[in-house]
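Participant: Sequence:
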Amino acid sequence: MSNRTYPNEQLLKDANWLHEHINDENLVILDARASGYDEGHIPRSISLPPSDLVDFKNEIAGFILNEEEFTTLIQSVGINQNSIVLVYDDGHILNAARIFYALEYYGLKDQVRILHGGYPAWLQEGYAVTTEVHDVEQGNFKAKANKNLVSTQQDIEQNLYAENYAILDVRSLDEYKGIDIRNNKNGGHIPGAVRLEWSEAITKDKDRIRILGFEELKSKFLQNGITEHKTIVPYCQSNVRASNTYFILRLLGYPDVRSYEGSWSEWGNAKETAIEV
1217 MSNRTYPNEQ LLKDANWLHE HINDENLVIL DARASGYDEG HIPRSISLPP SDLVDFKNEI
1277 AGFILNEEEF TTLIQSVGIN QNSIVLVYDD GHILNAARIF YALEYYGLKD QVRILHGGYP
1337 AWLQEGYAVT TEVHDVEQGN FKAKANKNLV STQQDIEQNL YAENYAILDV RSLDEYKGID
1397 IRNNKNGGHI PGAVRLEWSE AITKDKDRIR ILGFEELKSK FLQNGITEHK TIVPYCQSNV
1457 RASNTYFILR LLGYPDVRSY EGSWSEWGNA KETAIEV
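As numbered in the numbering used here, the sequence shown has no gaps in its residue numbers, which increase by one up to the final residue, 1493.
Be aware that a few hints might be false.
Claimed, not checked - Cross-link-like lysine to any residue pairs, in silico, SDA-like; alpha carbons within 20 Å at most:
no., residue 1, residue 2
1, Lys1325, Glu1432
2, Lys1360, Lys1420
3, Lys1360, Asp1268
4, Lys1229, Ile1300
5, Lys1422, Ala1337
6, Lys1393, Ala1490
7, Lys1420, Ala1337
8, Lys1229, Lys1360
9, Lys1360, Asp1472
Unchecked claim - For each label pair, taking beta carbons as the anchor points, the in silico distance ranges come out as:
no., residue 1, residue 2, range
10, Glu1373, Tyr1343, 40 to 50 Å
11, Glu1275, Asn1440, 24 to 34 Å
12, Glu1379, Gly1252, 19 to 29 Å
13, Glu1241, Asp1390, 42 to 52 Å
14, Lys1422, Glu1275, 23 to 33 Å
15, Pro1471, Leu1428, 13 to 23 Å
16, Leu1376, Asn1282, 20 to 30 Å
17, Gln1354, Tyr1377, 42 to 52 Å
If you are wondering where the hints come from, they were derived from the structure by calculation, not from laboratory data.
No experiment lies behind these values; they were computed from the predicted model shown.
Beta carbons are placed, not taken as given, at the ideal position from N, Cα and C, and that holds for glycine.
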């Protein structure tokens, strides 16, 4: 089996790359961990946990901020229209990928990278950390939603069972089967959805979380009918785990990935959506 690199390998950077480029003028580093920033973080990084992206006024739990509010938030962490953004978390890529997806969706496609292995990888390389909060000037970023990167409930309903459309459920088996309904009115899955849990893309190697290699990853998706000529729609509960899968599919070079932002928070609580168990 070949050791082919990911088609979009530029989206994934290691700690050595970050150490070499940490002072690049155009680079903004985001710490997407839910906690731990005050105890120590990568120099020049700014704390931005995914919870800051949530629109708590929206009736769909976990839904992303609107364009105006997202613009204000992202400008506050110093991001410009031409910035290159590197995001890191605790290594699982869930938090980092949620930020990655949000920034791509709102206009920074191909300008965002994720640190492979996250903060633990930086520590294991022996690089310096700090508790100093990095001061930033307000950025000029302006959010503009890319409708080609998102799916709505209506989009899915119009494309159920379409040959060129693949709905990808990345939740646990119990959620998929309707055994674990969480806080939803209904359990189960979107009709026709295939399941490939988000965590299938990562492994733990010497206490460091790693993304699987290209050949192994691509094989997992192909075995589930996730081919490049289809529109791929990942979903989970609130597009956090699905954002991880969005990132993996981007890394693999899939050209048309449209995460379902509403995910099961919307579908599983709507009045008339079709459900399979």
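Participant: Go ahead and decide if the range 23 to 33 Å is satisfied by the Cβ distance of Lys1422 to Glu1275.
Facilitator: Taking Cβ atoms as reference, Lys1422 and Glu1275 lie about 44 Å apart, which means the hint is violated.
Participant: Keeping to a limit of 20 Å between CA atoms, is the pair of Lys1360 and Asp1472 held or broken?
Facilitator: holds (18 Å)
Participant: Is it true that Gln1354 and Tyr1377 lie within 42 to 52 Å of each other by Cβ?
Facilitator: holds (47 Å)
Participant: Taking the beta carbons of Glu1379 and Gly1252, is their distance inside 19 to 29 Å?
Facilitator: Violated - the Cβ-Cβ distance for Glu1379 and Gly1252, about 46 Å, lies outside 19 to 29 Å.
Participant: Quickly compare the C-alpha distance for Lys1360 and Asp1268 to 20 Å and report which way the hint goes.
Facilitator: holds (18 Å)
Participant: Check the following: the C-beta atoms of Glu1275 and Asn1440 are separated by a distance inside 24 to 34 Å.
Facilitator: holds (32 Å)
Participant: Is it true that Glu1241 and Asp1390 lie within 42 to 52 Å of each other by Cβ?
Facilitator: Check passed, 48 Å falls within 42 to 52 Å.
Participant: Assess, step by step, whether the Cα of Lys1229 is no farther than 20 Å from the Cα of Ile1300, and give holds or violated.
Facilitator: Holds, at about 12 Å.
Participant: Verify the CB-CB distance for Pro1471 and Leu1428 against the hinted window 13 to 23 Å.
Facilitator: holds (21 Å)
Participant: Holds or violated: Lys1422 with Ala1337, Cα cutoff 20 Å?
Facilitator: Since the Cα atoms of Lys1422 and Ala1337 sit roughly 11 Å apart, the hinted pair holds (cutoff 20 Å).
Participant: Need the status of pair Lys1325, Glu1432: alpha-carbon distance at most 20 Å?
Facilitator: violated (25 Å)
Participant: Is it true that the CA of Lys1420 sits at most 20 Å from the CA of Ala1337?
Facilitator: holds (12 Å)
Figure legend: structure checked against the earlier numbered hints; hints not met, in rising order: 1, 2, 8, 12, 14.
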